[in-house]
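Peer 1: Now for the letters of each chain:
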Amino acid sequence: TQLLEQSPQFLSIQEGENLTVYCNSSSVFSSLQWYRQEPGEGPVLLVTVVTGGEVKKLKRLTFQFGDARKDSSLHITAAQPGDTGLYLCAGAKAGTASKLTFGTGTRLQVTL
Amino acid sequence: DTGVSQDPRHKITKRGQNVTFRCDPISEHNRLYWYRQTLGQGPEFLTYFQNEAQLEKSRLLSDRFSAERPKGSFSTLEIQRTEQGDSAMYLCASRSGEGDNEQFFGPGTRLTVL
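Sequence lines, in order, name chains L and B.
Residues in the first sequence are numbered from 3 upward in steps of one, following the working numbering.
Residues in the second sequence are numbered from -3 upward in steps of one, following the working numbering.
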């Protein structure tokens, strides 16, 4: 049973479009990370959010943690082909030694 | 490069053989994690070390799997009598004992069991 559900699972868009990826759970997390993974490589950390309602921006990427710390979103503005990859959200619960529970992943393809 | 490293990057083995993977964490990171990722899925937690102590193991880690971190630095993950269902990417991550629970992943070892 996947505790973190991501939507959409697949997204194919053209360069310049905006998109939002959602990460939802019925569980509360003490922190939530977003990673991007290229084929055959390990996940690369993009951001960590820890406070309910927190918004973090990383260039064209905007991350939001839900007020109740059960959900998160990733918004990409003016997508570029270099944004192509698998986006994973991962949550850590208090008292669990920070082991991560990963979402199902969103595979993004940005074409010219 | 001071990131997490894993060796080998790829391993092909026949069913029934034993395999061992190595992970070198970021230096001075005292916490080390192993995850397994199958095709089309997010990584799943396998086990966790704080220094040399293995503090938690997932029920995914059958008795054919064993992990060690003998000196609190590098770690090894051994799979005995491999099965086709063991085919996956095995990922190692490390973190310091402080901060926002940020884990940094290695490039992974892709295991294929024929």
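Keep in mind the hints are simulated off the structure, nothing from the lab.
One or more of the hints may lead you astray.
Said to hold, decoys possible - Partial pick of chain B residues on the chain L-facing surface, computed with a CB cut under 7 Å: (1) Leu35; (2) Gly38; (3) Tyr44; (4) Gly104.
Said to hold, decoys possible - For lysine-lysine, the following BS3-like pairs were computed, each having C-alpha atoms within a straight-line distance of at most 27 Å: (5) B:Lys67 <-> L:Lys72; (6) B:Lys53 <-> L:Lys95; (7) L:Lys61 <-> L:Lys72; (8) B:Lys7 <-> B:Lys67; (9) B:Lys53 <-> B:Lys7; (10) B:Lys67 <-> B:Lys10.
Glycine is no exception: its CB is placed at the ideal position from the N, C-alpha and C atoms.
Peer 1: Now look at each hint and say whether the structure bears it out.
Peer 2: Status of the hints after comparison with the structure:
1. A distance limit of 7 Å between C-beta atoms decides the matter here; for Leu35 (chain B) the minimum to chain L is near 11 Å, and the interface restraint is violated.
2. Proximity of Gly38 (chain B) to chain L holds as hinted, the smallest CB-CB distance being about 3 Å (cut-off 7 Å).
3. At its closest, the beta carbon of Tyr44 (chain B) sits 5 Å from a beta carbon of chain L; the interface hint therefore holds under the 7 Å criterion.
4. A least Cβ separation of about 5 Å between Gly104 (chain B) and chain L falls short of the 7 Å threshold, and the interface hint therefore holds.
5. At most 27 Å may separate the alpha-carbon atoms for a hinted pair to count; Lys67 (chain B) and Lys72 (chain L) exceed this at roughly 37 Å.
6. Between Lys53 (chain B) and Lys95 (chain L), the direct Cα distance comes to roughly 16 Å. Compliance with the 27 Å bound is thereby established for this hinted pair.
7. Among the hinted pairs, Lys61 (chain L) with Lys72 (chain L) is consistent with the structure: their alpha-carbon atoms are about 25 Å apart, no more than 27 Å.
8. Pair hint Lys7 (chain B) plus Lys67 (chain B) holds up; C-alpha atoms about 25 Å apart against a cutoff of 27 Å.
9. Between Lys53 (chain B) and Lys7 (chain B) the alpha-carbon distance is near 23 Å, which keeps this suggested pair within the 27 Å criterion.
10. As the CA atoms of Lys67 (chain B) and Lys10 (chain B) are separated by approximately 31 Å, the hinted pair breaks the 27 Å bound.
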